[in-house]
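Trainee: Each chain, letter by letter, is given below.
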Amino acid sequence: MTVTTSQGIAAGSSPGDAVGAIGAAAAIMRRELSLSFRRPEHLVQPLVFFLIITTLFPLGLSLQLSQLRDMAPGVLWGAALLSSLLSLDALFKSDADDGTLEQLALSGQGLTVIVIAKTVAHWLVTGAALVLASPLVATALDIPASAFALMMSSLVLGTLTLSWLGAIGAALTVGLKRGNVLISLIVLPLAMPLLIFGASATERAISGTSAAGPLYLLAALCVLATTLAPFAASAALKISLD
Amino acid sequence: MDGLSVDKIHVWRGERHLLRGVSFALAPGQLLEVRGPNGAGKSTLLRAACGLTRPEQGEVRWGGKPIAAVRQEFLAQLAYAAHEPALKGDMTALENLHFAVSLRRRADAAELEACLERTGVGSCAELATRLLSAGQRRRVALARVLALRAPLWLLDEPFANLDAVGSAMLAAILREHVTGGGAALVVAHHDLAVGIEAGRLELAP
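Chains as they are written, first to last, in my numbering: chain A, 1 to 242; chain B, 243 to 447.
Derived by calculation from the structure, the hints in this document are not laboratory data.
Errors might be hidden in some of the hints.
Just the calculated beta-carbon pair ranges, DEER-fashion [stated by the list, open to error]:
no.: 1; chain 1: A; residue 1: 213; chain 2: B; residue 2: 312; range: 17 to 23 Å
no.: 2; chain 1: B; residue 1: 438; chain 2: A; residue 2: 39; range: 40 to 46 Å
no.: 3; chain 1: B; residue 1: 352; chain 2: A; residue 2: 52; range: 25 to 31 Å
With a straight-line cut-off of 20 Å between C-alpha atoms, the simulated SDA-like cross-links for lysine to any residue are [stated by the list, open to error]:
no.: 4; chain 1: A; residue 1: 177; chain 2: A; residue 2: 96
no.: 5; chain 1: A; residue 1: 238; chain 2: A; residue 2: 200
no.: 6; chain 1: A; residue 1: 177; chain 2: B; residue 2: 326
no.: 7; chain 1: A; residue 1: 238; chain 2: B; residue 2: 296
Source: prediction; values computed, not measured.
All C-beta atoms, glycine included, are put in the ideal place defined by N, C-alpha and C.
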């Protein structure tokens, strides 16, 4: 079987079957998801970390059940943020290490599209998984089931925002040997509003008062991060590739 | 003018002045060898030519226009193979190719398999690339260059890790590409022996 290797300049690709940004983003997401499921430890590690941290607090503090419930939102949110951070350094680094990031950058698709697709895929396997596991942790922390819906929606907004912030951190540190700690130092100060509003929304959900205020603020942060972070991260990635 | 032209580019890496005013032109149907000792900036020249590294001075043009201005068209015509094969070890050879091609156009599995066949790794199509030898990974990377169907090839030491049969195969592929109107810029440490006329660019250390 032979393949024609010689094409004229014009024959690069016909416009008819050219791939648009959406198609490319879908291809990147498919690849990211299939790679994650081939390395299940990347999926499981943040979850186990989340479960262990939230278990450590009640054990170490030996609290009354009522006190535990008071602390639960803070513990839950602190643990959620830390465990989402855990896997963020691999977001661009694994591709940078084996050279596939260069190939992606030269694929003709904008870096912004690549950043969006990779970050959303990353959130799906870490953030979304964490949100799904949160009722388990919440039960252990004596958060009533009536608060689950609000708690989970606040976690969706919070972890997604954190993924965007983390994408900027990961793009900035992609060329560094030990970027992991640096990402935490860049991202955690920026994540403080998430912790404050997220924990406050969860607390209100537990006490049965309206959580609309902090939840809307979380949503606003999420929208802000979703619209700005892809551009910031792709600019950082461009510098890191040079 | 048609093709790629690099005009007096200067690239610094930290304190080191790696490329000092390198110029060349590469028209369709031409093969250009880049030679020079280790550390002369051969790979940097390739990275600058494809736009990954931005030169401090000078300009890289495609069809007479700066590559930053015609980025989309330029990248659609480009196949770049870095020194490392740039494959995902957890994905099969075919999946790696499929992904690379699907970012540019609709990929056709039969065509991709034919590319792997051509570079002699057809039997490894369904194997995860981390299981392959260095030479086989190189062949998969070359199959990707074929599969991209790009008229401009920038290849960084494509002969590395290839056995005698592999080198002959690559020489034939290069010959076919160039005689068919394609252009190739190849970093090599020895004579290419492609059997067609090749320009040569010597980089001083």
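Trainee: All hints are to be evaluated individually against the structure, with a verdict given for each.
Mentor: Comparing the hints with the structure gives:
Taken as a hint, the range 17 to 23 Å is violated for the pair residue 213(A) and residue 312(B), whose Cβ atoms sit roughly 50 Å apart. Taking the beta carbon of each, residue 438(B) and residue 39(A) are about 44 Å apart, inside 40 to 46 Å as hinted. Between residue 352(B) and residue 52(A) the C-beta distance comes to about 49 Å, which lies outside the given range of 25 to 31 Å. At roughly 11 Å between alpha-carbon atoms, residue 177(A) and residue 96(A) fall within 20 Å of each other, so this suggested pair holds.
Between residue 238(A) and residue 200(A) the alpha-carbon distance is near 37 Å, which puts this suggested pair outside the 20 Å criterion. As the CA atoms of residue 177(A) and residue 326(B) are separated by approximately 18 Å, the hinted pair is consistent with the 20 Å bound. For the suggested pair residue 238(A) and residue 296(B), the alpha carbons sit about 10 Å apart, so the restraint of at most 20 Å is met.
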